[in-house]
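Listed here are the chains, written in short residue letters.
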Amino acid sequence: MPDTSPFIRLPDAQRDSLCLSGDWTLANYAELRSLTAELPGDAVKQARIDLSGIAHIDTAGAQLICDMLGVDRLQQVLSGDTGLNRERQTLLARIATTCPRGPDPEQAGANPLIEMLERIGVSMGQHWAHVIELLGFIGLTLSGLFSSLFRPRSWRPTAIAVQIEQTGLNAVPIVALLTFMVGAVIAFLGATVLQTFGASIYTVDLVAFSFLREFGVLLTAILMAGRTASAFTAQIGSMKSNEEIDAIRALGLNPLELLVLPRVIALLITLPALTFIAMLSGLLGGAMVCAFTLDISPVMFINLLHDDVGVRHFLLGMAKAPVFAFLVAIIGCLEGFKVSGSAESVGEHTTSSVVQCIFVVILVDALAALFYMEMGW
Amino acid sequence: MVSTQSAKPIVEVRGLVNRFGKQTVHDNLDLDIMPREVLGVVGGSGTGKSVLLRSIVGLRRPNAGSVKVFGQDLQALSEEQRSLQERRFGVLFQSGALFSSLTVAENIALPLVEHIGLSRRDADHLARMKVLLAGLPAEAADKYPSMLSGGMVKRAALARALALDPDILFLDEPTAGLDPIGAAAFDQLIRTLCDALGLSVFLVTHDLDTLYAICDRVAVLSQKRVLIADTLERVAQTDDTWVQDYFHGPRGRAAAYQHPAAGE
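Respectively, the protein sequence lines represent chains A and B. For what it's worth, the numbering used here labels the leading residue of the first sequence as 1, then goes sequentially. For what it's worth, the numbering used here labels the leading residue of the second sequence as 1001, then goes sequentially.
This is chain A alone, in the form it adopts within the complex (with noise of 0.2 Å):
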């Protein structure tokens, strides 16, 4: 079989039929489908078609041959002696019934500005039926936080203990390391800043306030969100895409009570006491710094801190804390129950609940720092 022969071949002076030979496969499908778009009209209408030439076929060779003959010219071919043999014509006749007979359905072309103005309001409306949805799941789980509360049975100290040690005591490195790094980088911007003025003693005041007010409360904050944020909607969500949820309902148990109180409770103690980790560790940070290139010694530096800062910063800053741990939690748990059964949704609410706690975090830590600038403390 000669790997020159044309796919299609027109009549001609010594034949008075189309001939389709070669391979009508999806290897050739780019070609084949140039060839068909370019045949003249009327060449398909009069000719005999001739089949027989045809060395391999499959699907899409197949639909190519539907689409240049036409549903019903094919069948009437297929009606004839067409020289192939069972299976093709099988294959054919097969084609031929799920062939679509009319063009594909057009795409309605739109106008790209009001495109925009419709993603823009619709993704409007659903960010506000998100903050809707927010707002009642803090409202369910207070209230059963509250009602749990007086009923010693529905506690879970397990649960909560296992949740403690995953969130908080796992935690701690990473804590004290990333705190301690930006404690040091706070203690060199002041070093180098401050020098000009020749405040350098200031860096102590800076590390400190820094840390004990923002800091040390908004960067705990941060690394819960990213790395408890996303394992509480992993774990609720591939429990909801598995079927487990429905599976507590149907068993009489409540998935607030089971799944999501525990976390809250388990946040709302390691979040505080990490951030203090994390004030501790900063400080620390910022000390060495100073000792080494300021030539501030530590002795020197809790003098500083104890003469210039108060303890009413460290209390600002720890209020913060529970606060912000209710927030991650319940917005990783909601989240997670979002989850609608593909691995793919699993992905997009994990990222969206750390998103969403960031932005919620920062968002709550801003108006905190304008209240607390208004109170004067």
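Incorrect hints may have been included.
Taking beta-carbon pairs under 8 Å as the criterion, some of the chain B residues facing chain A (in silico) [said to hold, decoys possible]: (1) L1059; (2) S1083; (3) T1231; (4) E1233.
Hints in this document: simulated from the structure, not taken from any laboratory. Built from N, CA and C at the ideal position, the CB exists for glycine as well.
With chain A fixed as given, assemble chain B onto it according to the hints.
Chain B in isolation, oriented as in the chain A frame:
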């Protein structure tokens, strides 16, 4: 297979409407489940068999209509009372839905500890008995769901559904994915348990062999409601294209041949 026509139904579904956005899945659906019967529920894809199961069990609030279980409308009850009634159901989900972080014994023991308040030891002991009841080997009780084969997962899930000795068992395609021997054994297990424990069984299935082997009545879901709910002989004779294709197509005839009328 005892005639149960004279008894009062334990589940009465009346006027059930289920809608997803614009798509109506059930429109004014009525169904009864009698005591001590195995009711097979069949229907084409998308006719809402699983949705019906979930509506009865309480996992989905229907858009309209009522579901009365043991004479009481579940939606009208307080949460405490509803929880009490829901303990009389056992549900077997299509994929088993075992809790992946617990062993089989712990899965079965969970409702015993939570609802009945048994101590861990008692619950564990009972759970192991249920494991054997479901036809699993005793060693399976300490395995995690990920270590079990498909057939064993279904049996473990059945054991969990039976944990609280329910009155009604809801099975969502229990033989899907099982080999023919496993599927036949599972059918027999259901029948034996139904007779021995006096259960009613609501069985959603595509498996014709299951229908012929163990079902007392068959309900056909079609055109958004129950087309007919009657004995298999009468359903197979119904004058409806889909029903005829279902029961008298090549697989239907093969199944009927294997299970000559088992006497009704």
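Outcome of the hint check:
The beta carbon of L1059(B) is positioned within 8 Å of a beta carbon in chain A (closest approach about 6 Å), and the interface hint is therefore held. For the restraint placing S1083(B) at the interface with chain A, the shortest Cβ-Cβ distance is roughly 5 Å, inside the 8 Å limit, so the hint holds. With a least beta-carbon distance of about 29 Å to chain A, the hint placing T1231(B) at the interface is violated under the 8 Å criterion. Taking 8 Å as the C-beta cut-off, the interface hint given for E1233(B) is violated, the closest approach to chain A being about 33 Å.
This entry does not satisfy hints 3, 4, going by the numbered hints stated previously.
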